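Use the sequences and the hints to build the structure in full.
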Amino acid sequence: MRRETTTLLQIENLAKDFGKLRAVDDLSLGLEEGEIRGLIGPNGSGKTTLINLISGVYKPTSGGVYFFGKRIDRLPPEKITQEGIMRTFQVARLFGDMTVFDNMLIPAFTQGMGKRQASHRAKQLLDFSLLGRLSNEPARNLSGGQGMLLQIVRGFMRQPLRLYLLDEPFAGVHPVIKDVMIGTIQKMNRDEGVTFLIVSHELTTIRRLCSRISVLHAGQLISEGTMKEVANDPRVIDSYLGG
Amino acid sequence: MENLSETKISKLKRGSLILAGSLFVCLLPFWTDQYYMQVFTIAFYYVVLASSWNLIAGYTGQFSLAHHAFAAIGGYTSALLVTRSGFPVWMGMFAALLSSTLMGFILGVLCLRMRAIYLAIATWAFAESVRIFISMTYKLTRGDLGLAVPKVFLGTGRAVACYYLFLGLATVTVLLLLLLMNHSKMGYYLRAIRDDEMVARVMGIHTTRWKIFSFIISSGIAGVAGAFYGHYNGLLTPVMVDFNEMALIVIMVVIGGIRSIPGPVIGAIFIEILTETFREFGEIRMVVFALAVIAIARLYHEGAIGIVRQFAQRISRRKQGREGATE
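In order, the protein sequence lines correspond to chains B and R.
Just so we're aligned, residue 1 is where the first sequence starts under my numbering, counting upward by one.
Just so we're aligned, residue 1001 is where the second sequence starts under my numbering, counting upward by one.
Hints were generated in silico from the structure; no laboratory data involved.
Computed from a predicted structure; not experimentally measured.
A virtual CB, placed ideally from N, CA and C, is assigned to each residue, including glycine.
Where hints are given, some of them may not hold.
Partial selection, computed: residues in chain B whose CB lies under 8 Å from chain R [to be verified]: (1) Val91; (2) Ile106; (3) Gly145.
Computed cross-link-like contacts, SDA-like style, restricted to lysine to any residue with a CA-CA straight-line distance of at most 25 Å [claimed, not checked]: (4) R:Lys1185 - B:Asp97; (5) B:Lys79 - B:Gln90; (6) B:Lys115 - R:Leu1178; (7) B:Lys115 - R:Asn1182.
Okay, here's the thing in structure tokens:
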């Protein structure tokens, strides 16, 4: 039985220039509600730039980003977050002087959640992701992997979270923490219907998590489909996987 | 359980220290002379300025150099309304609050999108403009000759009354900042902005709005402090907007401990007492303070409060180690 799908995110002819360098080049891409999409490509192919464009950190040179049909590429990052889009960064960017628990409260507060409700959800999420025992620890004391995990879990504080953009979440992370991350992503996708766009070089993990994969090269979308389909695409083999 | 009781004990210890400190400042007028009461009164004025500047510089990273100008705006607003228009002093002080918050809002909207050095330059230029304006509008402000301001409290008990008035103002300011920073969403937002502004935005915080809001609160507090100062001192001159005044506020915050509530309190009292004690050395005091700021910024940026905390932690660790050894 086919599941009814709705287009959550539509990117149309998006381009981004940095001086003479075109980082994203006439890129069009669609994301269905409830899917976990992988975004792969060689270094410098425009994956992080695309995440920055969707989350409002960069403004596009041309083209548009539509979220449930509403144009969002002219909105500032805080307004895009209000639409239900969260993101992580390649290197865990936490509020280092604040405790792990306080880090969790921020996205809840910005959507008007009360302290009691926010604390309850924060505790649940931290316990599930095995960070509960570190709740009162200043975030700067966490290891790289723990920091990355907290960065991901912190985003789940937003309710409803419709789209989560994860930028290299598994890079350099201990396998145990990676398993917790994967479990958390799958649970939030299953239980709360969160859609994910995951940038990663870890093809094994991407294969495990994602039903569809988009491949970027030189700022352009060169292939899209299941892992099997893209792995057999000559353009992908040529530019990314190697022949 | 052990950890819980340890936390309770450390809270008790901290509470006892705060209580002892509060008792000390409350009872000080009973065993000190009038001169030192005045020194403390001025120190409390600087506690208000330093603490409110710390709100923007320490908690949002906005290095404004116009804080003394807001004190002057408040001071002159109240003084002019009371002397020229016959307003009661309390109404003058309320007007001081309004004028300084309004100016804070305007300057905030204009400047708070600027980054570090540009913000510092723009706010410094604003403060200089205020100083020059006060000097030039002789007919209104009496310029460098100074504006005589009706004093609050008169008679023999004036020094004691003013001491408690400024102590009250400083206490209210510190309590307000404690409430804002530790028990409100605003405190979370400002700390998040200080740590990483872009991530704060991505988390949904309207950073510019909160920075302007904290700037307005900070300017308003400075304005009220300036009004109190004017009605205490009885004379206002453009010296109030001299850059040395701003430098003194920065020195107090950095030496006491930026990004903490007790830091500026300790810094302001300590520096004011030192300033008065070594008055005979003149401007050389500022050079010594500046060197101390450089040393702290280079070696120990948590300031005096950080040193005290580290010292207390070391004692507690040594004590725990000794107890462990006896067990």
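Cross-check of the supplied hints:
1. Val91: Nearest chain R Cβ about 11 Å off; hint violated.
2. Ile106: 5 Å, holds
3. Gly145: 18 Å, violated
4. R:Lys1185 - B:Asp97: 16 Å, holds
5. B:Lys79 - B:Gln90: This hinted pair holds, its Cα atoms lying about 22 Å apart.
6. B:Lys115 - R:Leu1178: Holds, at roughly 18 Å.
7. B:Lys115 - R:Asn1182: This hinted pair holds, its Cα atoms lying about 13 Å apart.
In the structure shown, a violation is registered for the earlier hints numbered 1, 3, in ascending order.
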